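Trainee: Here is what each chain is made of, one letter per residue.
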Amino acid sequence: MTSLRQNIDRAWAQVQAGWNNLVSNASNALTRFTHKEEEESSRIRELVRSTPEWGLLAAEVHESGDTVTVRLEVPGMEADKFDIEVDERILTVSGHKRVSHEHKEGRYHVTECAYGEFERRLPLPAEVDSKHASASYKRGILTLTLPKSEREKVRRIPVDNG
Amino acid sequence: MALMRTNPWSLLDEFNREFARMRPGFADDESRVVGSNWAPAVDIKEEQDRFVIHADIPGVAPDDIDISMEKGVLTIKGERKHETEENKEGFHRIERSFGTFMRRFSLPENVDADKISASSKDGVVELVLPKAVHDNQPKKISVNNG
Chain A
1 MTSLRQNIDR AWAQVQAGWN NLVSNASNAL TRFTHKEEEE SSRIRELVRS TPEWGLLAAE
61 VHESGDTVTV RLEVPGMEAD KFDIEVDERI LTVSGHKRVS HEHKEGRYHV TECAYGEFER
121 RLPLPAEVDS KHASASYKRG ILTLTLPKSE REKVRRIPVD NG
Chain B
1 MALMRTNPWS LLDEFNREFA RMRPGFADDE SRVVGSNWAP AVDIKEEQDR FVIHADIPGV
61 APDDIDISME KGVLTIKGER KHETEENKEG FHRIERSFGT FMRRFSLPEN VDADKISASS
121 KDGVVELVLP KAVHDNQPKK ISVNNG
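Each protein sequence line maps, in turn, to chains A and B.
If you read the first sequence in my numbering, its first letter stands for residue 1, the second for the next number, and so on.
If you read the second sequence in my numbering, its first letter stands for residue 1, the second for the next number, and so on.
Check each hint, because a few of them may be wrong.
Stated by the list, open to error - Pairs of lysine-lysine residues, derived as DSS-like cross-links and limited to a Cα-Cα distance of at most 27 Å, are as follows:
| id | chain 1 | residue 1 | chain 2 | residue 2 |
| --- | --- | --- | --- | --- |
| 1 | B | K77 | A | K138 |
| 2 | B | K121 | B | K81 |
| 3 | B | K131 | A | K104 |
| 4 | A | K104 | A | K81 |
| 5 | B | K121 | B | K131 |
| 6 | B | K121 | B | K77 |
| 7 | A | K138 | B | K45 |
| 8 | A | K131 | A | K81 |
| 9 | A | K81 | A | K138 |
| 10 | A | K81 | A | K36 |
| 11 | A | K138 | B | K81 |
| 12 | A | K36 | B | K81 |
| 13 | A | K104 | A | K36 |
| 14 | B | K131 | B | K115 |
| 15 | B | K45 | B | K140 |
| 16 | A | K81 | B | K121 |
| 17 | B | K131 | B | K77 |
| 18 | B | K121 | A | K138 |
| 19 | B | K45 | B | K115 |
| 20 | B | K121 | A | K104 |
| 21 | B | K115 | B | K88 |
| 22 | B | K71 | B | K131 |
| 23 | A | K104 | B | K45 |
| 24 | B | K121 | A | K36 |
| 25 | B | K140 | A | K138 |
| 26 | B | K71 | B | K45 |
| 27 | A | K131 | A | K153 |
| 28 | B | K121 | B | K45 |
| 29 | B | K77 | B | K45 |
| 30 | A | K81 | B | K45 |
| 31 | B | K140 | B | K71 |
| 32 | A | K153 | B | K88 |
| 33 | A | K104 | B | K115 |
For the record, the hints were derived by calculation from the structure and aren't laboratory data.
Nothing here was measured: the structure is a model prediction, and the numbers come from that model.
Same shape as in the complex, but just chain A (with noise of 0.2 Å):
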């Protein structure tokens, strides 16, 4: 009796475990989608109606000695279409995802994937000089190189072993 009851706190600690480490995961990660009506066809307004608000903008923050690189999982934008600013030390890239794939008339089974404008916020870990940032977008991943400006870059001071 007493075994089968620590099995099952054994196992619900393992669950809260996994949903705290999950929800930490995830939800910095989920990012409004809000869905505009200006825009084209009728069907595409019918399609992205249908479509969830909150989309998974997966990110990951990396600083090395003199730089900050930062990726964005945005499956499905094009290049041009990203709005990258640096306020300090807040980055903020948004964008506006849309269909570019709706031609012909058909029936939607299942509907995950987000579409909309969008905005994600990251805090970055150092100030960067964004004069001398850049960015690159391939197989849906935006990545930012970041320079740290000169007063935060790491200086390695030699010891003279004189």
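Position chain B relative to chain A; hints supplied.
Mentor: Using the frame of chain A, we list chain B on its own:
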């Protein structure tokens, strides 16, 4: 009394759905297979003569995506590897999932498995599944009014 127009639980439902999608173990849908690390979101559309599936699979090389069809079940699986081998210590935020992914769909029998085609653009994989043309359509026999 004011009428409540929106369903207060719909937001929660959407959160749940998104969480479920991130971790296949929590999913309520058989199409996400336990044992894989993540599952892509999909749109499935039926047109008059074909099915079209769009799957969000960012950051995976086309060579690492495996699509197969067996006994009416379509399987999309593969693996996401990290772009570089960066120093693990430098990460301030990791929301992305890496490793294997898989989704399975039971398709209506009238799909012509030999004619399925797939293409990939900007992290979105498009699958086109033409419906099979059967020759065994019920024949209409007209009664001669002679």
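Trainee: For every hint, state whether the structure bears it out.
Mentor: Consistency of the hints with the structure:
| no. | hint | verdict |
| --- | --- | --- |
| 1 | B:K77 x A:K138 | 20 Å, holds |
| 2 | B:K121 x B:K81 | 18 Å, holds |
| 3 | B:K131 x A:K104 | 15 Å, holds |
| 4 | A:K104 x A:K81 | 25 Å, holds |
| 5 | B:K121 x B:K131 | 24 Å, holds |
| 6 | B:K121 x B:K77 | 17 Å, holds |
| 7 | A:K138 x B:K45 | 26 Å, holds |
| 8 | A:K131 x A:K81 | 19 Å, holds |
| 9 | A:K81 x A:K138 | 14 Å, holds |
| 10 | A:K81 x A:K36 | 16 Å, holds |
| 11 | A:K138 x B:K81 | 14 Å, holds |
| 12 | A:K36 x B:K81 | 35 Å, violated |
| 13 | A:K104 x A:K36 | 21 Å, holds |
| 14 | B:K131 x B:K115 | 9 Å, holds |
| 15 | B:K45 x B:K140 | 31 Å, violated |
| 16 | A:K81 x B:K121 | 15 Å, holds |
| 17 | B:K131 x B:K77 | 22 Å, holds |
| 18 | B:K121 x A:K138 | 9 Å, holds |
| 19 | B:K45 x B:K115 | 17 Å, holds |
| 20 | B:K121 x A:K104 | 19 Å, holds |
| 21 | B:K115 x B:K88 | 44 Å, violated |
| 22 | B:K71 x B:K131 | 15 Å, holds |
| 23 | A:K104 x B:K45 | 10 Å, holds |
| 24 | B:K121 x A:K36 | 24 Å, holds |
| 25 | B:K140 x A:K138 | 54 Å, violated |
| 26 | B:K71 x B:K45 | 21 Å, holds |
| 27 | A:K131 x A:K153 | 16 Å, holds |
| 28 | B:K121 x B:K45 | 18 Å, holds |
| 29 | B:K77 x B:K45 | 20 Å, holds |
| 30 | A:K81 x B:K45 | 26 Å, holds |
| 31 | B:K140 x B:K71 | 31 Å, violated |
| 32 | A:K153 x B:K88 | 19 Å, holds |
| 33 | A:K104 x B:K115 | 19 Å, holds |
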